[in-house]
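Between the sequences and the hints, there should be enough to build the whole structure, so can you do that?
Line by line, the protein sequences are chains L and D. So for the first sequence, our numbering puts the first residue at 4; every next one is plus one. So for the second sequence, our numbering puts the first residue at 4; every next one is plus one.
There may be inaccurate statements among the hints.
If chains are identical, the list can't say which one is meant, so a pair holds when it fits in one copy or spans any two.
[What the hints assert, rightly or not] Under the rule of at most 25 Å between Cα atoms (straight-line distance), these lysine to any residue pairs were calculated in the SDA-like manner:
| hint | residue 1 | residue 2 |
| --- | --- | --- |
| 1 | Lys69 | Ser191 |
| 2 | Lys64 | Met43 |
| 3 | Lys140 | Ala194 |
| 4 | Lys69 | Asp39 |
| 5 | Lys140 | Asp193 |
| 6 | Lys19 | Ala49 |
| 7 | Lys159 | Ser191 |
Derived by calculation from the structure, the hints in this document are not laboratory data.
There are 2 protein chains.
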Amino acid sequence: MNDTKNSTKKVGRPKKFNRDEALTAAMSVFWKRGFDGASMKNLTDAMGINGPSLYAEFGDKEALYKSAIDCYASNDACAPLVAFETEPNIEDAVRAFFTAAINYASDHESGARGCFLASSVATTAGCVEGVDELLCKAILDTDHRLAFRLQSAIDKGELPPTFPALERARLMFDLRQGFVFRARAGLSADAMMADIDQRVRVVLAE
Amino acid sequence: MNDTKNSTKKVGRPKKFNRDEALTAAMSVFWKRGFDGASMKNLTDAMGINGPSLYAEFGDKEALYKSAIDCYASNDACAPLVAFETEPNIEDAVRAFFTAAINYASDHESGARGCFLASSVATTAGCVEGVDELLCKAILDTDHRLAFRLQSAIDKGELPPTFPALERARLMFDLRQGFVFRARAGLSADAMMADIDQRVRVVLAE
DNA sequence: TGTATTTTGTAACGATCGAAATAATATAAG
DNA sequence: CTTATATTATTTCGATCGTTACAAAATACA
Chain L
4 MNDTKNSTKK VGRPKKFNRD EALTAAMSVF WKRGFDGASM KNLTDAMGIN
54 GPSLYAEFGD KEALYKSAID CYASNDACAP LVAFETEPNI EDAVRAFFTA
104 AINYASDHES GARGCFLASS VATTAGCVEG VDELLCKAIL DTDHRLAFRL
154 QSAIDKGELP PTFPALERAR LMFDLRQGFV FRARAGLSAD AMMADIDQRV
204 RVVLAE
Chain D
4 MNDTKNSTKK VGRPKKFNRD EALTAAMSVF WKRGFDGASM KNLTDAMGIN
54 GPSLYAEFGD KEALYKSAID CYASNDACAP LVAFETEPNI EDAVRAFFTA
104 AINYASDHES GARGCFLASS VATTAGCVEG VDELLCKAIL DTDHRLAFRL
154 QSAIDKGELP PTFPALERAR LMFDLRQGFV FRARAGLSAD AMMADIDQRV
204 RVVLAE
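Structure (structure tokens):
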């Protein structure tokens with residue numbers, strides 16, 4: 004009766020760690036130090052886990068890295084996107100997108116700056132197998148998700164029928180990369196915030 | 004009479020390498036693999052130099068890295084800037100800037116993709132001492148150099164007196180970061196080129 | 001021709017890397 | 001209470017890391 008579900012209790016010594024929490028901790032380390040800059044000691048320390056437990060749960064360092072990328076792409080990277088999709092008015096939505104992007108890149112709870120994908124993972128494109136594909140997918144998915152929200156604003160009459168949704172979606176994405184790079188370098192969030200109004204106008208200009 | 008100038012011939016066994024060429028080779032390795040991903044073996048192989056010679060000429064790995072950053076900032080990073088400053092007509096100039104940026108990020112002679120500063124050095128911000136400052140300086144210098152060219156277009160009457168030169172300079176820079184990220188991920192240059200006309204209009208819109 | 005000087009190539013250093021072997025420990029099932 | 005199972009913690013591995021010691025080689029100068 005219970006053979007397909009996982010029972011709440013399993014045989015053997017129980018794990019001391021939570022998989023998601025450990026993965027989030029690993030992502031923070033990779034984000035701050037990069038793939039090669041993050042040693043297994045850095046990782047196990049931050050994750051509160053032993054070497055063998057890490058290998059049993061996540062495979063080797065490269066597999067852990069890719070899991071961390073997936074974790075980021077389906078959680079953190081979406082925060083500005085969610086802000087954009089949630090705000091009903093399109094102008095407010097674009098503003099919320101940039102505001103969230105800047106805040107996120109400057110003051111992430113992990114202490115890391117910039118964007119994990121743009122500021123750390125990008126370095127390993129062409130070095131770690133499969134990273135190129137993960138990055139391309141993340142970029143194109145974001146383009147389309149941004150475009151979808153813009154298109155719905157067109158459908159609702161908030162934007163003219165001729166509005167180039169996909170082009171402006173890419174524009175939003177690329178502008179975000181600029182903010183992200185500046186934040187990684189340590190430039191102030193306030194200075195970037197001052198540019199938001201102008202950029203909202205640029206994105207929505209007819 | 005010759006004591007302040009360097010004589011053409013020096014005492015001792017002559018060097019087998021050219022400093023600038025070796026530094027350029029080192030930059031390519033750091034660009035492709037990142038600071039931590041580039042081993043001393045990778046570096047000496049690419050530079051055609053021995054370990055001890057490298058240390059004598061450039062100091063340790065970190066010093067070599069910073070020299071490579073300086074080398075890039077005062078040479079390669081300027082290519083799109085120079086294109087922008089050289090083209091007489093402002094619209095052609097903006098187009099040339101983006102075209103050069105995309106070409107450079109997609110087909111650099113070294114085989115590296117993206118931008119050394121944005122795609123590799125950014126990862127070491129906060130990890131390698133002094134990198135933050137180098138990055139901030141490179142960003143702000145570029146902002147101002149772009150703004151200077153826009154201002155001269157205003158002065159010549161190509162752009163209206165109310166044109167927000169510095170804001171649009173930052174806009175150009177940040178859009179470039181998007182192209183650079185896409186190129187690093189492996190997206191096609193042609194797809195990016197197709198966006199240029201629209202972005203030229205965005206940058207110069209009144 | 002011999003000496004001083006500089007760079008070269010080789011070899012080696014201790015430290016740390018990612019990864020795994022081993023054994024102790026903590027649970028569920030019989 | 002014993003057995004089977006799964007995770008823990010410790011230890012260790014060979015490889016590679018960045019760096020340096022050392023001696024041979026190649027030049028200018030006396």
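Here is what the structure says about each hint:
1. Lys69 / Ser191: Close across copies (23 Å), not inside one copy (30 Å); limit 25 Å.
2. Lys64 / Met43: both (7 Å within a copy, 22 Å between copies)
3. Lys140 / Ala194: between (31 Å within a copy, 15 Å between copies)
4. Lys69 / Asp39: both (13 Å within a copy, 18 Å between copies)
5. Lys140 / Asp193: Classified as between; 18 Å across copies, 31 Å inside a copy.
6. Lys19 / Ala49: Intra 14 Å, inter 46 Å, cutoff 25 Å: intra-copy only.
7. Lys159 / Ser191: neither (36 Å within a copy, 33 Å between copies)
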